[in-house]
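> Order-wise, the sequence lines are chains X and B.
Under the numbering used here, the first residue of the first sequence is numbered 1, with each subsequent residue one higher.
Under the numbering used here, the first residue of the second sequence is numbered 1, with each subsequent residue one higher.
Honestly, the hints are just simulated from the structure, not real lab data.
A portion of the hints provided could be inaccurate.
Stated by the list, open to error - Taking lysine to any residue pairs in the SDA-like style, the calculated list, with each CA pair at most 20 Å apart, reads:
(1) K289(B) / P71(X)
(2) K155(B) / E221(B)
(3) K289(X) / E72(B)
(4) K289(B) / G70(X)
(5) K289(B) / K289(X)
To be verified - Pulled a few chain B residues facing chain X out of the computed Cβ check, cut under 10 Å:
(6) T38
(7) Q39
(8) H64
(9) E72
(10) V73
(11) V74
(12) H77
(13) M83
(14) M84
(15) R294
(16) M295
(17) S313
(18) H319
(19) A323
(20) A328
All C-beta atoms, glycine included, are put in the ideal place defined by N, C-alpha and C.
There are 2 protein chains.
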Amino acid sequence: MPGCFGFEVLARHGAARLGRLWTAHGEVETPVFMPVGTQGTVKALLPEQVRAAGHGIILANTYHLLLRPGPEVVQAHGGLHRMMGWDGAILTDSGGFQVYSLASLRQVTEKGVTFRSHIDGSLHELTPERAVAVQEALGSDIAMVLDVCPPSTAKRSELERAVETSTAWAGRCLAARSRPDQAMFAIVQGGLDLSLRTRHARALRQMPFDGFAIGGLSVGEPPAQMYPVAEATAAMLPQDRPRYLMGVGMPTDLVHCVMGGVDMFDCVFPTRAARNGLLITSEGRLVIKHARHRMDLSPPDPACDCPLCSRFSRAYLRHLFMAGEILAAVLATIHNLHFYARLMGEVRRAIRDGTIAELAARIDAVHARQGGEED
Amino acid sequence: MPGCFGFEVLARHGAARLGRLWTAHGEVETPVFMPVGTQGTVKALLPEQVRAAGHGIILANTYHLLLRPGPEVVQAHGGLHRMMGWDGAILTDSGGFQVYSLASLRQVTEKGVTFRSHIDGSLHELTPERAVAVQEALGSDIAMVLDVCPPSTAKRSELERAVETSTAWAGRCLAARSRPDQAMFAIVQGGLDLSLRTRHARALRQMPFDGFAIGGLSVGEPPAQMYPVAEATAAMLPQDRPRYLMGVGMPTDLVHCVMGGVDMFDCVFPTRAARNGLLITSEGRLVIKHARHRMDLSPPDPACDCPLCSRFSRAYLRHLFMAGEILAAVLATIHNLHFYARLMGEVRRAIRDGTIAELAARIDAVHARQGGEED
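Could you build all of it, start to finish, from the sequences and the hints given here?
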């Protein structure tokens with residue numbers, strides 16, 4: 001697909017890579033963080049607010065859009081970009097992870113997975129072919145293969161079976177493709193077992209995928225276990241393709257996994273935290289509802305120039321949260337997404353400058369300060 | 001207060017007046033509709049979105065801001081304009097109406113009113129002096145006197161007592177003023193009883209108020225009873241001062257009461273309706289959640305150029321509402337406030353052109369189409 005999708009590594013520092021990803025909807029520099037727009041909207045924001053926060057690629061969830069409004073509705077609009085008014089790039093997951101984490105009565109066979117909707121209990125089937133067809137109807141720039149994604153803590157036999165099935169499904173996804181303007185990424189499973197990760201990566205890199213994702217991490221295991229697996233798995237993947245660590249995205253995770261060779265991330269954390277009144281700032285976490293902010297006229301993050309921090313006080317934002325105002329979620333989301341975009345900019349500069357270790361130490365110090373908090 | 005507040009009538013057609021209101025925070029053309037920003041935010045919108053919708057003056061509620069975040073917090077910001085980032089004009093009510101409609105254990109004495117907060121049950125007292133002091137702390141451009149506001153359906157004796165007490169309180173409010181940059185409006189009560197309205201208006205117009213409001217309407221009585229009372233009361237008020245009909249604001253109400261001589265309006269209807277998925281359009285009311293919009297690619301209002309209608313479909317907006325997305329409330333509010341600003345522009349043009357009766361007939365036809373619906 002020349003012209004529609006590409007990736008190039010521009011610079012390296014250790015395993016960390018500075019790169020560029022191009023899609024039919026614009027270029028993005030990597031490492032990149034993708035805000036999550038589960039149901040066809042990055043929650044609380046207009047598309048231009050996501051763009052103004054510094055983001056050029058978002059993630060949307062096939063599972064959710066399959067159930068509501070339905071792919072036929074999205075397709076009638078000419079795709080998700082046009083329906084939601086977003087002219088940047090979109091990556092869609094395949095729905096596999098949500099089937100595992102949200103749906104009930106899940107049944108995996110060789111053919112695919114059947115499940116009941118978490119919305120109305122209706123019965124649905126997702127096969128590799130259907131996952132591709134739905135993502136093609138959505139019209140995302142990057143589609144993900146359907147995979148079987150047990151938690152990293154699952155038994156070895158379950159992880160092994162997941163790898164076998166996922167490999168077969170990956171091939172079927174490739175075979176089912178019909179849109180030349182949509183890239184497709186494979187997903188490496190295998191939990192924390194490096195022999196399984198190796199087996200899966202070897203099988204998948206035989207196939208002509210445009211990029212490779214690392215799945216099944218950040219689902220319960222501590223960072224100390226996750227980082228080495230992410231790094232080792234990244235090292236198993238082709239040098240000339242982007243590597244995407246799925247669902248991982250605390251600030252410290254981002255820097256450490258970039259150092260392990262990861263190029264792309266997504267996570268609901270910054271947007272979900274924002275709606276709960278948790279701001280990620282240059283000084284660490286800010287629980288804005290705390291009573292100590294009642295009369296605090298300072299900006300939520302003194303080092304931030306986002307529309308929240310440049311114009312509104314902690315006291316006002318706290319008031320909006322205490323009063324249950326919608327604007328609270330809007331402003332906090334704008335800030336957290338600004339913070340993430342700026343952080344990724346610092347990460348990219350640090351790769352170029354060879355200072356990523358120093359950046360990681362600083363991020364660790366600031367963002368691990370309030371220990372015990374987890375995503 | 002020369003320079004800080006003023007009003008002039010620029011043109012008339014029948015009883016309808018085209019005018020201009022100026023405040024320390026800008027000029028607005030009248031007749032004007034003021035969106036409601038109860039708790040220091042027009043719900044779901046950033047200040048610039050309110051401005052972009054075409055509004056230059058909003059209303060904020062003293063009762064709500066008194067309880068939360070408290071006037072001392074607003075004052076610490078240098079006033080409500082700066083706290084909420086709104087550089088347009090603000091009118092604050094006195095809290096009287098909310099004490100009547102939201103608070104419990106309400107007790108009215110000659111001195112003032114005591115009540116329990118609807119938020120935490122705490123006991124509060126509002127006197128005319130305190131209502132002025134709180135509004136001065138909020139720093140609104142226009143303050144309202146504290147009044148006693150029974151529903152229009154109350155007994156004559158209760159309405160009469162309300163008029164007597166409100167007259168005394170109005171004088172105390174004037175005496176309590178200390179900010180030369182804040183205008184003060186009186187409120188005429190008297191229910192549907194024109195002799196009481198006359199008595200109250202006569203008493204209040206002896207006092208040097210900057211404007212006069214008509215209170216106690218749109219609280220249960222049908223429009224057919226409300227319009228003549230609003231018109232008759234307006235006629236009792238000074239020609240050279242703005243007239244503000246409180247809490248009234250269905251589209252048909254606006255046009256008819258402008259024809260009765262009213263210059264200013266506020267109502268939660270357009271913003272509240274928006275959050276419930278009810279759009280006010282050039283074709284009438286649009287219940288966006290209706291299943292018939294599931295695949296409807298047309299804009300919510302084909303005659304509207306607001307950020308919703310120019311970029312998004314009915315199907316997408318319906319999806320956002322069905323999925324409970326915050327963006328649904330944002331987009332629908334943007335639209336309804338655009339509609340209201342445009343409607344008031346049409347009203348002003350119609351006064352100038354002498355076509356207000358034709359406009360009223362058109363608005364009646366379109367916006368009464370779905371009979372039975374009420375605010």
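> Could you run down the list of hints and mark each one as holding or not?
The hints, checked one at a time:
no.: 1; hint: K289(B) / P71(X); verdict: 18 Å, holds
no.: 2; hint: K155(B) / E221(B); verdict: 14 Å, holds
no.: 3; hint: K289(X) / E72(B); verdict: 18 Å, holds
no.: 4; hint: K289(B) / G70(X); verdict: 15 Å, holds
no.: 5; hint: K289(B) / K289(X); verdict: 33 Å, violated
no.: 6; hint: T38; verdict: 9 Å, holds
no.: 7; hint: Q39; verdict: 5 Å, holds
no.: 8; hint: H64; verdict: 8 Å, holds
no.: 9; hint: E72; verdict: 8 Å, holds
no.: 10; hint: V73; verdict: 6 Å, holds
no.: 11; hint: V74; verdict: 9 Å, holds
no.: 12; hint: H77; verdict: 6 Å, holds
no.: 13; hint: M83; verdict: 5 Å, holds
no.: 14; hint: M84; verdict: 7 Å, holds
no.: 15; hint: R294; verdict: 7 Å, holds
no.: 16; hint: M295; verdict: 6 Å, holds
no.: 17; hint: S313; verdict: 6 Å, holds
no.: 18; hint: H319; verdict: 4 Å, holds
no.: 19; hint: A323; verdict: 5 Å, holds
no.: 20; hint: A328; verdict: 9 Å, holds
In terms of the numbered hints stated before, the structure departs from hint 5 and from no other.
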